[in-house]
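Asks: Sequence:
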Amino acid sequence: MNSPQFDLANHPVKDTIKLLTSLLEKITSSNDRLHLNAGKLDPSSYTCFHARSIPSISIHAYFTRILKYCPCANECLIALLVYFDRMTQPKPSRHIPPLHIDSYSIHRLIITGLMISSKLYSDIFFTNTRYAKVGGLPVKELNALELEFLYLNDYNLFVTIEELQDYGNKIMEHWYQVQRSVEANNHDDVARPFGRLSMNNPSMVGWQYNKKLALKHRSSEEEKTLRRLSAPIGSEY
675 MNSPQFDLAN
685 HPVKDTIKLL
695 TSLLEKITSS
705 NDRLHLNAGK
715 LDPSSYTCFH
725 ARSIPSISIH
735 AYFTRILKYC
745 PCANECLIAL
755 LVYFDRMTQP
765 KPSRHIPPLH
775 IDSYSIHRLI
785 ITGLMISSKL
795 YSDIFFTNTR
805 YAKVGGLPVK
815 ELNALELEFL
825 YLNDYNLFVT
835 IEELQDYGNK
845 IMEHWYQVQR
855 SVEANNHDDV
865 ARPFGRLSMN
875 NPSMVGWQYN
885 KKLALKHRSS
895 EEEKTLRRLS
905 APIGSEY
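Quick note on the numbering used here: the sequence shown kicks off at 675 and runs consecutively.
What the hints contain is simulated information worked out from the structure, not anything from laboratory work. It is possible that some hints are incorrect.
Said to hold, decoys possible - 20 Å max Cα-Cα, derived EDC-like pairs, lysine to aspartate or glutamate:
no.: 1; residue 1: K793; residue 2: E857
no.: 2; residue 1: K688; residue 2: E749
no.: 3; residue 1: K700; residue 2: E857
no.: 4; residue 1: K688; residue 2: E699
no.: 5; residue 1: K700; residue 2: D689
no.: 6; residue 1: K793; residue 2: E822
no.: 7; residue 1: K692; residue 2: E749
no.: 8; residue 1: K700; residue 2: E822
no.: 9; residue 1: K742; residue 2: E822
no.: 10; residue 1: K692; residue 2: D797
no.: 11; residue 1: K700; residue 2: D797
no.: 12; residue 1: K692; residue 2: D681
In this text the structure is predicted, and so the values were computed from the model without any measurement.
All chains should be built: construct the whole structure from the sequences, respecting the hints.
Replies: Pasting the structure below:
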């Protein structure tokens, strides 16, 4: 049986976010279980992408909201996954542990990564202020997240067409595996590696230089997030 091929140019974007959601939900739920098994995550292991509590909006709903107000092409969405993969790799020469992707960090990673990839791969992109409004974050925080995202990618945001096609094929393959598993009533919860992006091996070590930033912006700003998400675009908040 031939491996599924992702049509980068013509695959409906709404369907692409379903594929991404399926994979990211698997990764985050697997890493969440690791946190539970290890006990409560120490505050020192938070990064600036981590929320104090898990956002109430689902990953798919968050993607849908972003694409409604800041539309982008498949290239931006697939590049997001490439960036995540790079960020989860250890960087011994810079003494930076791999980023762990879980339910506390995924939303900030998505909005930041899509904002960056859209600037590179879309003919039309939007301001950081608009992305902040759509993502439910203060613009100052999103600006800081953008810098951190660039740093964790070694400021290398170039993705080849071959990489985009390869990752597109892999999310298609993952989707079909999930569908076959459901049809066979096989509820195997064992996480499988996706390229280099490990679903079972997040870094449990935090970056100390991010600790103050990660904890500082959580309290009052998170109380405003729901209002930002529910307010119409362009309104004051």
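Asks: For every hint, state whether the structure bears it out.
Replies: Hint check results:
no., hint, verdict
1, K793 <-> E857, "violated, 40 Å"
2, K688 <-> E749, "holds, 13 Å"
3, K700 <-> E857, "holds, 17 Å"
4, K688 <-> E699, "holds, 17 Å"
5, K700 <-> D689, "holds, 17 Å"
6, K793 <-> E822, "holds, 16 Å"
7, K692 <-> E749, "holds, 15 Å"
8, K700 <-> E822, "violated, 25 Å"
9, K742 <-> E822, "violated, 26 Å"
10, K692 <-> D797, "violated, 24 Å"
11, K700 <-> D797, "violated, 32 Å"
12, K692 <-> D681, "holds, 15 Å"
Of the hints listed earlier, those the structure fails to meet are numbers 1, 8, 9, 10, 11, in rising order.
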